[in-house]
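> Now for the letters of each chain:
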Amino acid sequence: MTKLLEVRDLHAFYGRTAALHGISFDMDQGSVTALLGANGAGKTTTLRAISGMIKRTGEIRLRDRSLMKTLTEDIVRIGVAHVPAGRGTFLKQTVEDNLRLGAITRHDKAGIAADVEMVYGYFPILKERRTQPAGLLSGGEQQMLAVGRALMLRPKLLLLDEPSFGLAPLIVREIFSILRRLNKEEKVSILLVEQNASIALELADHAYLIETGRIVFAGCASDIRNNEQLRRSYLGY
Amino acid sequence: MELLWQQVAAGFASGAIYACIALALVMIYQAIGHVNFAQGEMAMFSTFLAWQLMQWGFSYWIAFIGAVGISFAAGIVIDRLIFKPVRAGPVLTQIIMFVGLLTVINSVAGFIWDFTSKPFPSPFGANPLFGSWLISTHQAVMIAVTFMLLLYGFFRYTRVGLAMQSAAENPASAKLVGIRVEWMIALGWGMAASIGAVAGLLIAPIVFLEPNMMLGILLYGFAAAVLGGLSSPGGAVFGGFAVGIIENLSGIFIPVVGAEMKLTIALLIIISVLVIKPTGLFSVNQAERV
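Line order of the protein sequences matches chains A and B.
Under the working numbering, the residue at position 144 of the first sequence is numbered 941, and the numbers go up by one with no gaps.
Under the working numbering, the residue at position 143 of the second sequence is numbered 644, and the numbers go up by one with no gaps.
Just so you know, these hints were derived from the structure itself, not from any lab.
None of the hints are false.
Below, a list of computed lysine-lysine pairs in the DSSO-like style, where the Cα atoms sit at most 27 angstroms apart:
1. A:K984 to A:K906
2. B:K778 to B:K763
3. A:K906 to A:K924
4. B:K585 to A:K866
5. B:K585 to A:K852
6. A:K800 to A:K984
7. A:K924 to A:K889
8. A:K984 to A:K953
9. A:K981 to A:K800
10. A:K906 to A:K953
11. B:K585 to A:K889
12. A:K889 to B:K778
From the derived model, a few chain B residues whose C-beta atoms are all more than 10 angstroms from chain A:
13. T604
14. I766
15. L768
Heads up, incomplete: computed chain A residues facing chain B, CB under 8 angstroms, no partners named:
16. H879
17. G885
18. D894
19. R897
20. T902
Nothing here was measured: the structure is a model prediction, and the numbers come from that model.
Where a beta carbon is used, it is the ideal one built from N, C-alpha and C, also for glycine.
Whenever a hint applies, use it, and build me the whole structure from the sequences.
This is the structure we're talking about:
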């Protein structure tokens, strides 16, 4: 396995307040890695730090290329697609324009058109609603659109922030099974942040437990699933 | 009856100009969430630039294109130099920057070209809107409408247009798809300055060229933008024409109003809209998740 993402001694700050206190972790090419933990543990902050949305120190490398001095807009161009919490949908634009926005940094017209169809293949409901403003979609559909928009970048790394948030259990199942297919069929590497640990661990190969800005456990997803004490004390199920 | 139609046509002509100003206000409002109080002065300065180019012997249309082009660049420079550094600052800071910009441009224009009124030529011969009004108002409207259609096409059909809209709607998310939001804002400033220049060039033959010429016009443009909804370009255009026609008709047909009270109509429109439908006629209600 080649290493895709390498995070070393990452500190992140909101103003002067530190939210991460030296996090280190790795991620393999083609894997699904989950960051788990309670509210306020620093999961979202970690993703925001990788995307350069907040002040940070330490080291973040994507395939041996440091992201520390790179602007958010350029980190996207390197191939990191970030689906933020709240989904970041452009509500006034149509579904299809939202997808096109995901590919706004690309210039291969034919490839973009093919990828729009690829996304419609995974999310047929989006094709039905392609001409509607995205603001009219349901929460689940918006989450699908957000994932679709990120795929339009042909990302090396997909950052997903709480894709299950606010959705009905059935919809969450559907989205996670599509995420699994994307990982297997399109070879998308996914860094997943979730509060819903049980479903995240079904999808993930590796997982890291974060508590108040520090990593408290790292290992295979199956190790955590089978470790009852860990599950009870940190994941609450 | 003929008087009525004449006044409606004249309303359309001035309405086209108000629409341009309103559109310029909306462009910047969408980009940074503030009303550019200096929009009128920027347009005035652009008009002086055109006048200067004509004094140097260039033809009207060369001067027109030159002024619009220079204004575009100047708009970008104003944003990058003056407004980008205070972007994260408090609202009051930004408002004061606008007021400062207004006074500075006004004084600089007065310093360079002095405060006496200058006749400004029209591409359609002398005194277009009141002389052979039928043809000339028609042409003034044509120019303004052409610009609006160009703008519409730009936003509707180009990648950059889509990127600009998205940057205005959701800057954080726009950055996450790789849109250079700061440059989109600068582009918005440039375009606003250009549309303002068009408005200035079209109105100057009527109000005569001097540093304070846009004072009333900006108020009408502001009324138009508020009427249509500050976040709706289409609404701004509609508002512009509506204000132009209302202003002209009430000036003629409501005896109390007359020519002197016309400006009051603009203020009346602003106040009524703000009281009855604060978001304007065409603005989409912005729901915010809390």
